[in-house]
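All chains should be modelled from the sequences, with the hints used to inform the complete structure.
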Amino acid sequence: MNNKKLFMVFTICLTILFSIGCSKKRELLQGIDKKLKGKINISVSKERVGYISKYVEEFNKIYPNVEIHIKQENSNYRPSDEKELENMDIVVIKNEYTQYFLNNFSKNIYNIEEIISPYKGNFSNDSIVGVSSNNKIYGMPLDKNPYIMVYRKDLLDKCNIKIEDIKTWQDHINVSKYINKTLKGNYKFLWERDKSYLYKVMLSQLSEGYVDSNGKSTIASAKSIKVLDMIKKFKSENVILQDNSNASLIEKIRTGILGATICSANEISEIMNKLPEMKNKLVVSKIPAFEAGGNRDISMNGYNMIFLNKDKNKDLMATFSEFILNDEKLQLQLYVSKGILPANTSIYKAEELNKNVDYFNEKIWLLIVSIQKESKNIVYPASYIEIDNLIKKNINKIYDNNGDIKPLLKSMENNINNIINESPSKS
1 MNNKKLFMVF TICLTILFSI GCSKKRELLQ GIDKKLKGKI NISVSKERVG
51 YISKYVEEFN KIYPNVEIHI KQENSNYRPS DEKELENMDI VVIKNEYTQY
101 FLNNFSKNIY NIEEIISPYK GNFSNDSIVG VSSNNKIYGM PLDKNPYIMV
151 YRKDLLDKCN IKIEDIKTWQ DHINVSKYIN KTLKGNYKFL WERDKSYLYK
201 VMLSQLSEGY VDSNGKSTIA SAKSIKVLDM IKKFKSENVI LQDNSNASLI
251 EKIRTGILGA TICSANEISE IMNKLPEMKN KLVVSKIPAF EAGGNRDISM
301 NGYNMIFLNK DKNKDLMATF SEFILNDEKL QLQLYVSKGI LPANTSIYKA
351 EELNKNVDYF NEKIWLLIVS IQKESKNIVY PASYIEIDNL IKKNINKIYD
401 NNGDIKPLLK SMENNINNII NESPSKS
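UniProt numbering applies: residue 1 is where the sequence shown begins, and numbers increase by one.
The hints are simulated quantities; they were obtained by calculation from the structure and are not laboratory data. Hints should not be assumed to be uniformly reliable.
The calculated DSBU-like cross-link candidates involving lysine-lysine, where the alpha carbons are at most 30 Å apart (straight line), are [as the list claims (entries may be wrong)]: (1) Lys35 <-> Lys314; (2) Lys373 <-> Lys329; (3) Lys120 <-> Lys35; (4) Lys410 <-> Lys397; (5) Lys235 <-> Lys162; (6) Lys120 <-> Lys355.
Here are the simulated distance ranges between beta carbons [to be verified]: (7) Asp311 <-> Lys235: 52 to 58 Å; (8) Glu114 <-> Ala292: 46 to 52 Å; (9) Glu86 <-> Glu47: 22 to 28 Å; (10) Asn238 <-> Lys393: 20 to 26 Å; (11) Asn238 <-> Pro276: 29 to 35 Å; (12) Leu275 <-> Gly185: 19 to 25 Å; (13) Asp165 <-> Lys120: 41 to 47 Å; (14) Phe323 <-> Ala292: 42 to 48 Å.
Virtual Cβ for every residue (Gly too), placed ideally from N, Cα, C.
In structure tokens:
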């Protein structure tokens, strides 16, 4: 009897050990790692919460015992004090705000050069510079955001206008006037989402930012004046839809008042997902140039992932960042589903981008990649936020001025240079 009991106990133990072994073997085959444990807190701009959540979801399939909490932030580039960062491990932030963050919270950031070095070849040099300070790399470039034009196909068709004939901003103005005259309408052909939006986009088109390569204000430069004059012309021709209601671009397209506008790659995806009724009713092209043969490629407002200086979480952050860097399949999937173009340039060669997108009857994702490849890098200084606020505050004075705007621009230039000189970094 005792022998039977002993045999039964032995058999049960063997079964348990075998089951555990099989379970562990199955987990290994599936790539599951339950040994890695801990918690990561990520502060994310609201525009990228869904994007980062997808990475977290996929990461937890492999590392189920790592807790990752996402906190949505509306202005994480400027926490009221450094205490807000104490519980954070990673910050996801717009490219234009990154240098501000790196310079104002330098004590909190973590040099990840060792982690990202094997992958540097996947990024443009400008992308790496954007997450660097004092020759150290503190972040990972996440995505880029090229811009294109969207036109209502029905309006063009009714007026026998071919989209390929709209090559310059003057062509754009002429087309808008012709459509409204022919159809007796009052359509608008650009949307001004905030006071500095069109100025920023069109200044980028001329390969210029708020500061030049020497760290000086560009507000009074020849290129800046060229942009301001063009926007004043848009306003005089009643082309722009000005809006202060905080309504989204999707809502404005739905009303039917917009005959055309500038869209980002992200917004293209939103249009397809939220406006199914507009399928085959919109067409896209590169943004018109200032003159025949001029630049039509613009990219701005991408996002970066900045790592904070947390000794206890360095291994977790390294594993999470390497997961994002290596999962190119997910990067591609998020591009074609959400319009978020990875900063990782190896994705730009994917065969899937050659597919025609039925909504626009266009290889839209390939077009966006081509724009990104040709777009010029824009320098975003540490003082970007203050400069942008000053421009927003004064730009209507420029547009409303029918005389010589140079004295006003000179005054703004002096104020901007003072802001730059008072910044923690002059670059």
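### Task
For the pair supplied as a hint, Lys120 and Lys355, confirm whether the alpha-carbon distance does not exceed 30 Å.
The given pair, whose Cα atoms are some 28 Å apart, holds under the 30 Å limit.
### Query
Holds or violated: 42 to 48 Å for the Cβ distance of Phe323 and Ala292?
The hinted range 42 to 48 Å holds for Phe323 and Ala292, with Cβ atoms some 47 Å apart.
### Query
Is the Cα-Cα distance between Lys373 and Lys329 30 Å or less?
20 Å, holds
#### Entry: Range hint compliance [Cβ, Glu114 to Ala292, 46 to 52 Å]
49 Å, holds
### Query
For the pair supplied as a hint, Lys235 and Lys162, is the alpha-carbon distance within the 30 Å limit?
24 Å, holds
### Query
Do Asp311 and Lys235 keep their Cβ atoms within the hinted range of 52 to 58 Å?
Holds - the Cβ-Cβ distance for Asp311 and Lys235, about 54 Å, lies within 52 to 58 Å.
### Task
Kindly confirm whether 20 to 26 Å is satisfied by the beta carbon distance between Asn238 and Lys393.
Holds - the Cβ-Cβ distance for Asn238 and Lys393, about 24 Å, lies within 20 to 26 Å.
### Query
Within 41 to 47 Å or not, the Cβ separation of Asp165 and Lys120?
42 Å, holds
### Query
Do the Cβ positions of Leu275 and Gly185 conform to the proposed distance bound of 19 to 25 Å?
Holds - the Cβ-Cβ distance for Leu275 and Gly185, about 20 Å, lies within 19 to 25 Å.
### Query
Are the Cα atoms of Lys35 and Lys314 separated by 30 Å or less?
Measuring from Cα to Cα gives roughly 16 Å; hence the hint holds.
### Hint consistency between Lys410 and Lys397 [alpha-carbon to alpha-carbon, up to 30 Å]
13 Å, holds
### Query
Are the Cα positions of Lys120 and Lys35 separated by 30 Å at most?
29 Å, holds
Every hint, counting from the list given before, is met by this structure.
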